[in-house]
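2 protein chains.
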Amino acid sequence: MKRGSRVSYLEELKKILSPERVSTNEVILDQHSKDESYHRPSLPDAVVFPISAEEVSKVMNIAEKFKIPIVPFGLGTSLEGHVIPYNGGITVDFSLMDTIIEVFPTDFLVKVQPGVTRSKLNQELKKHGLFFSVDPGADATLGGMAATNASGTTSVRYGIMRDQVRDMEVVLADGTIMHTGNLAAKSSSGYNLNGLFVGSEGTLGCFTELTLRVYGIPELIVAGRASFETVGQAVDAVVSILSAGIQVARIELVDQQSIAQVNVYSGTDYLEVPTLFLEFHGNEAGLMQDMEFAKEILADNKCSEFKFEKDSQSRNQLWEARHNLAYAVMRAHPGKKMMVTDVCLPISELANGIESAKEAMARYELPGGIVGHVGDGNYHALLMLDVNDEEEMKRAESFNSHIVEFALSKGGTCTGEHGVGIGKMKYQSLEHGNSLHIMKALKKTLDPHNILNPGKIFNMN
Amino acid sequence: MKRGSRVSYLEELKKILSPERVSTNEVILDQHSKDESYHRPSLPDAVVFPISAEEVSKVMNIAEKFKIPIVPFGLGTSLEGHVIPYNGGITVDFSLMDTIIEVFPTDFLVKVQPGVTRSKLNQELKKHGLFFSVDPGADATLGGMAATNASGTTSVRYGIMRDQVRDMEVVLADGTIMHTGNLAAKSSSGYNLNGLFVGSEGTLGCFTELTLRVYGIPELIVAGRASFETVGQAVDAVVSILSAGIQVARIELVDQQSIAQVNVYSGTDYLEVPTLFLEFHGNEAGLMQDMEFAKEILADNKCSEFKFEKDSQSRNQLWEARHNLAYAVMRAHPGKKMMVTDVCLPISELANGIESAKEAMARYELPGGIVGHVGDGNYHALLMLDVNDEEEMKRAESFNSHIVEFALSKGGTCTGEHGVGIGKMKYQSLEHGNSLHIMKALKKTLDPHNILNPGKIFNMN
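Protein chains in written order, with our numbering: chain A, 3 to 463; chain B, 3 to 463.
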């Protein structure tokens with residue numbers, strides 16, 4: 003872009019936002035040049051901090067006029083380079099739009115601005131006996147979670163981000179402010195825009211308000227840890243528990259390598275063997291019956307030890323340790339960057355998938371751990387990489403490809419919850435076949451000048 | 003259309019399908035001229051009976067070439083004129099594509115052709131200890147249920163049709179055969195095409211295969227009937243039960259007028275007062291605790307009588323009676339046609355909505371009953387109308403408008419589960435505002451010549 007036009011659009015931005023909410027400060031630009039992944043950073047030309055949908059709409063009009071990219075930004079916790087502005091342009095930071103607008107307890111709904119984090123939302127909801135279910139490891143913003151269709155440990159019971167979005171206010175590329183849904187629990191009226199915009203990774207519009215489904219805090223919550231000799235036995239136990247119709251709220255695999263990291267980082271003394279972290283939600287009688295049944299099934303599947311975490315303190319510690327796992331791994335590898343694979347398979351293929359990943363990990367000489375939301379058939383291999391070591395990066399990419407190709411050959415997906423960003427672009431054609439053309443046609447219809455997070459999910463040229 | 007071109011495309015159809023699967027027989031055309039609603043019938047020019055996606059693709063190519071409408075047809079149980087070919091053209095009847103392709107018990111999935119009915123599917127699934135949850139009153143085809151995003155009595159617990167669709171094979175307007183999803187329990191890869199095509203009412207493509215989520219038959223199922231003096235009390239009880247976090251599997255309102263029809267048609271002797279039909283699914287201990295709690299709440303909400311239906315025979319009778327209600331009402335009004343309203347409201351507005359509907363029903367002098375999937379905030383007023391009585395039809399339309407406008411003013415939707423068809427087209431602009439333009443743009447992208455079920459959901463001119 004010519005220097006002159008950059009000056010002009012910055013001037014225009016400063017006119018519509020107050021000048022202190024349009025930044026070209028180097029530290030600010032640097033903060034918005036990266037996410038939590040191994041993907042190469044790249045600076046935006048400017049960062050704006052809008053406080054309303056109307057302001058976002060005006061920013062969008064300027065971007066359309068000057069044909070410059072718009073990249074929405076929550077907290078930068080994405081894992082596939084989603085928020086990295088590889089084509090420069092304007093990064094729209096939603097941190098000033100962080101108001102919880104209203105809680106509707108009877109309707110089990112809450113209306114929020116996109117910059118609200120899930121932990122802030124849950125603090126507020128607790129006062130009403132409610133909680134928001136989706137919990138990726140990071141304390142991400144709800145706008146970002148909707149953009150990537152995030153999920154996490156509880157989706158086996160409560161569903162993924164897309165299942166929680168009842169309505170969104172969205173600003174389109176041409177500045178139109180529109181709504182994607184309504185407040186009713188279901189609707190057959192017109193096309194499902196909620197579903198289309200959730201998971202669109204900033205490529206179809208910017209979210210400026212979300213109405214989300216919330217749940218009552220269950221009467222009783224009990225968590226536990228089940229230890230196994232092998233990962234295969236642990237996964238077999240998961241399949242048995244699900245087949246028995248036991249309603250687990252969480253069922254997470256943490257392998258031996260990962261448990262060791264947890265113990266170091268979180269100060270726990272968990273047995274360092276392949277482990278399932280489980281949680282049950284329900285009324286007291288039902289939960290106790292489910293727990294007893296689950297214990298029998300675990301024992302039948304060669305579970306060597308089962309430990310309850312009955313009090314809320316050790317339960318919280320368990321899930322905090324699980325959520326902090328990625329940070330634990332990062333801390334243990336200073337100077338390195340994280341690559342997390344993210345395939346999701348039909349549950350019947352999960353054990354084979356993980357076994358194949360373990361073999362490939364050894365073959366490619368990549369030390370790392372495997373964790374997963376195994377109730378959904380979703381697992382992650384966590385690798386810490388030296389991004390300057392080209393040969394190592396090549397091996398890691400080959401390993402990731404191996405995992406993805408295995409998953410796709412079994413009817414799975416290259417990304418269960420992290421999204422495509424730039425990291426999974428190369429698998430889109432293999433995964434979607436000719437439906438990829440349809441996705442591109444939809445993108446072109448909604449963003450004809452390709453200003454919205456260009457070069458993410460797929461290239462339009 | 004000129005007679006000559008009709009002869010030509012019929013010849014082409016007969017070449018690609020065998021001639022006996024291309025019909026212009028008057029009885030066949032008449033069968034495909036209507037649905038179960040009050041909407042005016044209209045004949046197609048021809049009905050074809052394909053047996054594969056490839057054949058549907060070839061039919062689509064002919065339709066594109068001659069610019070003639072394509073209307074997909076399951077069993078004709080739609081309630082808003084969806085399958086009525088107002089612009090003539092080719093009706094694609096899927097009754098020969100009725101194979102249950104494969105059940106995947108471990109993955110809780112089943113792959114079916116679109117002409118399979120929900121009752122046929124459930125017969126097969128029972129052998130595996132599984133069931134398919136979505137149950138509109140009619141024994142509709144699964145293709146049709148996906149087209150309208152159907153739901154029914156169990157969505158309060160298991161979700162709507164869109165929640166069950168994991169993948170579909172779809173034939174687009176240009177004959178492309180593509181897939182909308184995969185077999186994994188969740189995915190963040192690319193745009194959500196499953197969600198977009200479910201509920202598209204034949205306006206974006208024809209479904210030729212569906213992979214659907216199924217559930218394990220619960221350990222215990224108990225049903226019951228709760229009687230109240232007023233509909234308002236019954237609805238208050240529903241709100242209390244949901245707020246208490248009791249996991250009902252079904253919670254249906256049947257008003258006094260409707261219960262009377264049920265008794266006549268189904269030979270039951272249910273108390274003729276506003277009634278809730280309830281069902282609980284779970285493990286034995288949990289279900290018993292939930293039931294006891296529910297009974298307390300019902301009593302607190304002035305429930306005058308609560309009757310269990312413990313054995314499976316009286317339980318089945320209860321739900322059969324509920325499902326046959328629309329037919330009961332039809333039977334009681336020979337020569338008349340049915341109009342069923344279908345709004346869905348935030349649950350906090352449901353009691354007001356129903357009260358307002360009851361008042362309007364009296365004001366417009368329209369006798370009828372009210373039933374509803376009240377756990378979702380969805381209710382129906384069932385009216386039997388003399389379609390030749392213009393004045394009565396006008397009053398009925400005004401009544402429907404009153405109900406819809408009330409629902410929309412409270413953040414609800416004009417159709418919770420029946421779909422738009424032609425009956426709800428006039429409310430699309432009021433409900434969707436400027437997002438209606440986006441829906442039309444998506445339609446134009448996927449069906450540029452407007453051959454797919456034209457004149458449904460919205461007009462493209």
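Any given hint could turn out to be false.
Since copy identity is lost for identical chains, a pair holds within one copy or between any two.
No farther apart than 27 Å at their CA atoms in a straight line, the calculated lysine-lysine pairs in the BS3-like style are these [what the hints assert, rightly or not]: (1) K129 x K309; (2) K396 x K128; (3) K442 x K339; (4) K36 x K396; (5) K69 x K442; (6) K442 x K67; (7) K67 x K412; (8) K67 x K446; (9) K17 x K128; (10) K339 x K309; (11) K16 x K69; (12) K304 x K428; (13) K122 x K69.
In case anyone wonders, no lab produced these hints; they're calculated from the structure.
Results of checking the hints against the structure:
no.	hint	verdict
1	K129 x K309	neither (30 Å within a copy, 36 Å between copies)
2	K396 x K128	neither (46 Å within a copy, 50 Å between copies)
3	K442 x K339	neither (31 Å within a copy, 44 Å between copies)
4	K36 x K396	within (21 Å within a copy, 61 Å between copies)
5	K69 x K442	both (19 Å within a copy, 25 Å between copies)
6	K442 x K67	both (22 Å within a copy, 25 Å between copies)
7	K67 x K412	neither (45 Å within a copy, 37 Å between copies)
8	K67 x K446	both (17 Å within a copy, 25 Å between copies)
9	K17 x K128	neither (41 Å within a copy, 66 Å between copies)
10	K339 x K309	neither (34 Å within a copy, 63 Å between copies)
11	K16 x K69	within (18 Å within a copy, 51 Å between copies)
12	K304 x K428	neither (40 Å within a copy, 62 Å between copies)
13	K122 x K69	neither (36 Å within a copy, 55 Å between copies)
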